[in-house]
Each structure stands twice: as C-alpha cells, then as structure tokens.
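S.K.: Here's the letter readout for the chains.
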Amino acid sequence: MASSYDYDDHQQQPPPSSDTSYDPNYVPDPVKSFVVHLYRHIREKNVYEIHQMYETSFQTLSDRMFKDTPWPSVDAIAPYVDNDQVFCFLYREMWFRHLYARLQPTLKQRIDSWDNYCNLFQVVLHGVVNMQLPNQWLWDMVDEFVYQFQSFCQYRAKMKSKTEQEIALLRQFSQAWNVYGVLNFLQALVDKSMIIEILEREKEGLERFTATDGYDYDGGSNVLKVLGYFSMVGLLRVHCLLGDYHTGLKCLCPIDISQQGVYTSVIGSHITTIYHFGFANLMLRRYVDGILEFNKILLYIYKTKQYHQKSPQYEQILKKNEQMYALLAICLSLCPQVKLIEETVNSQLREKYGEKMSRMQRYDDEAFALYDELFSYACPKFITPSAPNYDEPLVNYNQDAYRLQLKLFLYEVKQQQLLSGVRTFLKVYSSISLGKLAAYMEVDESTLRTILMTYKHKTRVVDNDGKLISNADVDFYIDEEMIHVVESKVSKRYGDYFLRQIVKLEGVINDMDRIKLD
Amino acid sequence: MGREVQKQPQQQRESYTAEQLVALNPYNPDILPDLENYVNEQVMLQTYSLDANLCVLRLYQFEPERMSTQIVARILIKALMAMPAPDFSLCLFLIPERVQMEEQFKTLIVLSHYLETARFGQFWDEAAKCRHILEVVPGFEQAIQSYAIHVLSLTYQKVPRAVLAEAINIEGLSLDKFLDHQVANSGWILEKGHGRGQLITLPKNEFNHPELKKNSADNIPLEHITRIFPILG
Numbered sequence: 001m002a003s004s005y006d007y008d009d010h011q012q013q014p015p016p017s018s019d020t021s022y023d024p025n026y027v028p029d030p031v032k033s034f035v036v037h038l039y040r041h042i043r044e045k046n047v048y049e050i051h052q053m054y055e056t057s058f059q060t061l062s063d064r065m066f067k068d069t070p071w072p073s074v075d076a077i078a079p080y081v082d083n084d085q086v087f088c089f090l091y092r093e094m095w096f097r098h099l100y101a102r103l104q105p106t107l108k109q110r111i112d113s114w115d116n117y118c119n120l121f122q123v124v125l126h127g128v129v130n131m132q133l134p135n136q137w138l139w140d141m142v143d144e145f146v147y148q149f150q151s152f153c154q155y156r157a158k159m160k161s162k163t164e165q166e167i168a169l170l171r172q173f174s175q176a177w178n179v180y181g182v183l184n185f186l187q188a189l190v191d192k193s194m195i196i197e198i199l200e201r202e203k204e205g206l207e208r209f210t211a212t213d214g215y216d217y218d219g220g221s222n223v224l225k226v227l228g229y230f231s232m233v234g235l236l237r238v239h240c241l242l243g244d245y246h247t248g249l250k251c252l253c254p255i256d257i258s259q260q261g262v263y264t265s266v267i268g269s270h271i272t273t274i275y276h277f278g279f280a281n282l283m284l285r286r287y288v289d290g291i292l293e294f295n296k297i298l299l300y301i302y303k304t305k306q307y308h309q310k311s312p313q314y315e316q317i318l319k320k321n322e323q324m325y326a327l328l329a330i331c332l333s334l335c336p337q338v339k340l341i342e343e344t345v346n347s348q349l350r351e352k353y354g355e356k357m358s359r360m361q362r363y364d365d366e367a368f369a370l371y372d373e374l375f376s377y378a379c380p381k382f383i384t385p386s387a388p389n390y391d392e393p394l395v396n397y398n399q400d401a402y403r404l405q406l407k408l409f410l411y412e413v414k415q416q417q418l419l420s421g422v423r424t425f426l427k428v429y430s431s432i433s434l435g436k437l438a439a440y441m442e443v444d445e446s447t448l449r450t451i452l453m454t455y456k457h458k459t460r461v462v463d464n465d466g467k468l469i470s471n472a473d474v475d476f477y478i479d480e481e482m483i484h485v486v487e488s489k490v491s492k493r494y495g496d497y498f499l500r501q502i503v504k505l506e507g508v509i510n511d512m513d514r515i516k517l518d
Numbered sequence: 001m002g003r004e005v006q007k008q009p010q011q012q013r014e015s016y017t018a019e020q021l022v023a024l025n026p027y028n029p030d031i032l033p034d035l036e037n038y039v040n041e042q043v044m045l046q047t048y049s050l051d052a053n054l055c056v057l058r059l060y061q062f063e064p065e066r067m068s069t070q071i072v073a074r075i076l077i078k079a080l081m082a083m084p085a086p087d088f089s090l091c092l093f094l095i096p097e098r099v100q101m102e103e104q105f106k107t108l109i110v111l112s113h114y115l116e117t118a119r120f121g122q123f124w125d126e127a128a129k130c131r132h133i134l135e136v137v138p139g140f141e142q143a144i145q146s147y148a149i150h151v152l153s154l155t156y157q158k159v160p161r162a163v164l165a166e167a168i169n170i171e172g173l174s175l176d177k178f179l180d181h182q183v184a185n186s187g188w189i190l191e192k193g194h195g196r197g198q199l200i201t202l203p204k205n206e207f208n209h210p211e212l213k214k215n216s217a218d219n220i221p222l223e224h225i226t227r228i229f230p231i232l233g
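Residue numbers (the UniProt record's numbering), protein chains in the order written: chain Z, 1 to 518; chain X, 1 to 233.
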C-alpha cells in the first residue's frame, strides 16, 4: 500500500489552543456588528450583501480574531439578532465549520454539530424558511454536511485510541452521523424540493431555475430548492465514499453535466461534481466518459484559477486539480486516447505525469506500484459506514474501505495488463495472422485468442441504456486465421461547438442592439 | 430524522413491488426482508434487478450483523450471469473484504476473473468443480454461454468450431444440435474451413464488421437544438 496515502483530513491541524483567554460568552464589537448586519441583510433578502459578508467579512474576522479559537457561542450572539431561531442555526453551522477547519473538534462537538444540522434541515424541510441565501453558502452547507459525516466515520473507525468516556458517548448517541440519517436527509431535501420535477419542467420551458441560477425573483425562497439541487451532488459523493458508484451516478442523473447549470455557479460544487463523476466512471471502466469530463474541468481550472486566488477554497481547488490530473493519467494509461484531451491539458499532464505514464504502460511490478500510488493519492476518502461492535476488542478499521477499493482497482488493472502489448502490435499492422502475432508475443495461439477477446471485452462498456459502446482507439476483427486491424477515427463533435457559437453570437448581437448610438 | 418521510403504513406496503420500494425508500432498513425475498424470487423466476440487489448489499454494508451470506452468494451469481455488464465488480465494491475471503466467494471471484479475461476453458473446468454453489441458480449455464457468444461475435467474423466448442462448453452431437438451432434462428452460417474442420460465420455487428458502424458521433440530441429555436425563429 502506498505509504504516502494521507488519511488525515485537511492539512495538519494545529494543536488545540492552550490559550485560556477564550471566553465563549464574550462578543467583541466587530462580531456584534457582523451578526447585526448579516441578520438585517438576510431579513431584507439582500443576496449581494449577504454574499459579501459571508465570503469576505467572515473570513477576515476569522483570520483577525479567531485564528485558533472558536467564534463566540450562539447564546452570546442571540440577543443581537432577536433570538431568531433560524439565524441561530445558520450561525452555529458556520461556527462548527470554522471549528472543523481550524481546530480539532471533540466528540461532543461533532455530536452537537450533527444536532444542529438536524434542526437546520428540519426547518428547511418544513418549509418555514423564507430567506434567499447565496448559492455559495447553500453549497457549503451540503458540502460540509457530507464532509463532517466522512470525518466522523474516520474518527469512529480509529477505535484503538478511544477513551472509555468517548466510547460511552458513541454508544449513547448512536444516531449522530448515522448513515441512514445522513442519506435520508439528503434524499428528503431532493424529494421535498421537487428539484427533479423542476429540472424536468425547465426542459419543457415551463419553469426557470438554471436561468436565474436557482434564485427566486418572485419573492419566494431559494433555500429548499437549491439545497435539494446540491443534495444530488451530495448523494453522489456519499455513494462514492461507500464504493457504490452505480447508485452515485444515478443520483446525479437529473443534472445534465454536459451543460452549464447551477452546479457550475459555485466552483467548489463544479469541481466536486466532476471529480466524483469522473472517479465513478473510472471505477465503472467508462474511461472515455471520465477523460472527457476531466479534460473539460481541468481546462476550465487552468483558465480561471487566477480569479480564485483570494478565495478560502483556493487550496482545495489546487489539491483537487492535482488529484484529477492523477485520475486522468490513470484513465489515459488504461485507455490511451490522447486525442480526446486539449493541448493545454495534455502538456500539463505530460509535465506532471509523463514519465510515470510511460512506466505504467509496462505492466511490471513497478507499473503496478505506480497505479497504486496514483490511485491512493487521488481517490476519495472511503468510509466504513457501520459502527463497530463496542464489546469486541477494539481495532482500527479506518483503512479497510480504502484497502478494498484499491485492491479491486488493481485487480482490474492486472486483468488488463496484456492489452497494452497487443495494442502496440495492432497499431503497426493492417493485417496479421494469429500464428505470427502469437510468435511475436511469445504466447501460444489459444492464449492469444483469449487476449484478443479480453481486449474486445475490456474496451467495450455498457452504457446507461444498455447499449454497447467502444472505447478502443484501435480495433480489429478475426476472419478465420487472419486478424484485420481497423484504426477508429475520433470524430470531433462539431455540432455542440456550432450550437454554442450560435448562442454566443446571438448574445453579442443582442448586446449590440442594446447600445444606443447618438 | 429525515427517515420519517419514507415510512409507510404496513398494509399499504404490501401493494408495492420490490422495485418500487427501492425507488421510493432507497435508505430504509425496514425494506430488507422484502428485498431478500425478491432476490430469491429473481433466482426462481429467472429475472434480474441490479438496483434492488445493490440496495440489499448497501443495507448489509450499513448493518453487517444482518448480512446473509446465502443471499450475497445468490446476488453474485446473478451478477456473473449479467456479463458483459460490470455488475459483479459493482457488487464486490460493497462487500467487506473479510466476507470476500470465504471459500464460496473466493471461488466466484476466480470464475469472474476467467470470464473477464475470456478464458472460457478454465472457466468451465472450475465451474464443474463447484456445481453445488452454482446449480442453485437456474439458467446459469445458458447465461454464461450467451456471454461467451457475445464476446466471440465481437471478435470473429468466422470462428473455428473448436474455439466455439471450448467457449460454450458443448461438444459433439449436442454441438451439432445447438448449431442447427442457431442456423435456423440466429442467422449463423456453417462452412467447411481450410483443413481445420468446420467454420462458423457469426452474425454481423458493428464490432466484427467495423464498416457497419454508423457515424453517430455527431448526432445532436433534439433537446440541445431546441435551445436555439428562439434564435432561429
């Protein structure tokens, strides 16, 4: 197993502050002013100002005043916001998010955070929320919810270091971060928001959702709808963490990722969606689908990353960027269709993984070690969702889920190890007899037949409609004793390109029409 | 918890099919017994539902103490029968490693390996050794035979009789009968090979006759075109 595999979340956590000067009940003036203004903007549905305060002021204050202590407690700020219940849930959600990012949460805090999510989602699901919140914030809620679930599973699985008190708490609060609860909340948000129906109706032109980025300009609230929308991405991610790639992709289905959508309106959501979509397709052997989507998003990140430099997500963006290059390297090693990726992405890829990729083609022990290394570096942080049996001897099982996925992935790589050799020969012949090729490859004829059939089987995948799709760049057929080679041409998809340009041109013409010349 | 949304009164539940249960309550532990029955029903009636079976494995993953290895084995055998679809791997991704170490599952994994790498001879030898596991599921042999024929027809325009015989594990008179049936029903053609015995021409498809491949790569779905209707209008 790769020793470089980093199973700890985020970066190195600073040790819990020994600074005893933190008083949860003390509210400094800047915080007072922050909550008062944020509360007012939320009541006035001023999305722009909410977004500014959420993205900028919260970060600035955190950096300046709460670098290694939590924010003031919710009880301390409540009097400044009319003790507004929903605002307090939102504040606590941010409070815990800040704590998770900068400090090590205790078990009690993990449980309290779960409780807060239950309260928050419960009010949203019962439709009593009439706010309009920025997409960034709503995405962060879903994202953090899934992250804290994953973090909890990792934490619980490290049983060896648990104190008796912690185990007693785990037993007592067995519902906290329970996998059924997590999945059912996400599913309930999807169902209650009717988001799948909304997206369907939008296709028929009966509804506007994507066009307004999910916001409601008719006085309604966007909270349930957009949370429901992002929950589909959340479900994809949870299912990937569980190794259930088929179900994950099914949950994402209502979102058409070949188009722009609300998921692309927030960079974090865009990256999370494509990363998990691509990874799931890699595990399903649908390499071409993975390659195409990785290519698109890596190009997008390459072109836009300078605009995110100041964003709190910048480091995460860079990390996912690197991981997706590693996944792309794996996909292209198993399915060498370099024509599918753009020149910029290709040259970045060569720079990062060119040398490793050429060694991965050799399928010796060193090559397997490289597949192992790249997979371990780039895979999601798999979890075991069930609680341990606390009466049995306590062992750590936090690596079990990861080891299983890695093992099955390497198993697949091994099944494909002879294919790259046969591909090399097929590339240089237009036809060759079985006997001759067997001699070149130093195998007997019947083994060669199985290799050729394996090639056919492994380069074909069954798509969602049950149709067989070829991922092969070089194909062949056997007529009696002769192998006839066919180089398949990758046809560029001009259709989509023209469609986009037509829409773009129309936009330019509209803009020009609006300009009034004196 | 969010689970309440999915609970339904007992008597009402009876009227739901297993597939509907999965679609409506994918994360409800209470549907497990119904789904386990449904696995047995699939075995008996020779039907198949990947989604329902993945749901069973998911519930086992959430509550390992409820796992029935007999049901897991049946799901895995059904998944082998679904080849060339990748269902067997999809199932393995959800089954804990210590369970996969059990003898019967190790055997099934070996069988899957032979099928994935098209080593049909070895597959049939191994399958013969573990009949007791496989014969519980009717239709197993036929399902694997049709997978073998599927792979052969991706690869060959004309396949030697001996290669076919090994892949589907039928020989002699039974093979003659099988071939007659395929000639009559599936458009197979038999001819004399060049000194090497009979040759069988398999039906044409876009993979063994690449010229048949339609250039479908640049088809644009109607819903994409509808986006420019307002502009064209």
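Each hint should be verified, as a subset may be incorrect.
[What the hints assert, rightly or not] Here are the simulated lysine-lysine pairs, BS3-like style, with alpha carbons at most 27 angstroms apart:
{"id": "1", "chain 1": "X", "residue 1": "129", "chain 2": "Z", "residue 2": "436"}
{"id": "2", "chain 1": "Z", "residue 1": "414", "chain 2": "X", "residue 2": "129"}
{"id": "3", "chain 1": "X", "residue 1": "106", "chain 2": "Z", "residue 2": "414"}
{"id": "4", "chain 1": "X", "residue 1": "106", "chain 2": "Z", "residue 2": "427"}
[Claimed, not checked] Computed Cβ-Cβ distance ranges for the label pairs, DEER-style:
{"id": "5", "chain 1": "X", "residue 1": "129", "chain 2": "Z", "residue 2": "442", "range": "28 to 38 angstroms"}
{"id": "6", "chain 1": "Z", "residue 1": "442", "chain 2": "X", "residue 2": "176", "range": "34 to 44 angstroms"}
{"id": "7", "chain 1": "Z", "residue 1": "497", "chain 2": "X", "residue 2": "175", "range": "45 to 55 angstroms"}
{"id": "8", "chain 1": "X", "residue 1": "41", "chain 2": "Z", "residue 2": "68", "range": "52 to 62 angstroms"}
{"id": "9", "chain 1": "X", "residue 1": "184", "chain 2": "Z", "residue 2": "194", "range": "15 to 25 angstroms"}
Treat the hints as calculated values from the structure; they're not laboratory data.
Cβ atoms here follow ideal geometry from the backbone N, Cα and C, with glycine treated the same way.
S.K.: Does each hint fit the structure? Answer for all of them.
M.R.: Hints, one by one, checked against the model:
| no. | hint | result |
| --- | --- | --- |
| 1 | X:129 with Z:436 | 35 angstroms, violated |
| 2 | Z:414 with X:129 | 25 angstroms, holds |
| 3 | X:106 with Z:414 | 17 angstroms, holds |
| 4 | X:106 with Z:427 | 37 angstroms, violated |
| 5 | X:129 with Z:442: 28 to 38 angstroms | 30 angstroms, holds |
| 6 | Z:442 with X:176: 34 to 44 angstroms | 36 angstroms, holds |
| 7 | Z:497 with X:175: 45 to 55 angstroms | 52 angstroms, holds |
| 8 | X:41 with Z:68: 52 to 62 angstroms | 59 angstroms, holds |
| 9 | X:184 with Z:194: 15 to 25 angstroms | 53 angstroms, violated |
Hint compliance for this structure: hints 1, 4 and 9 are not met, and every other hint is.
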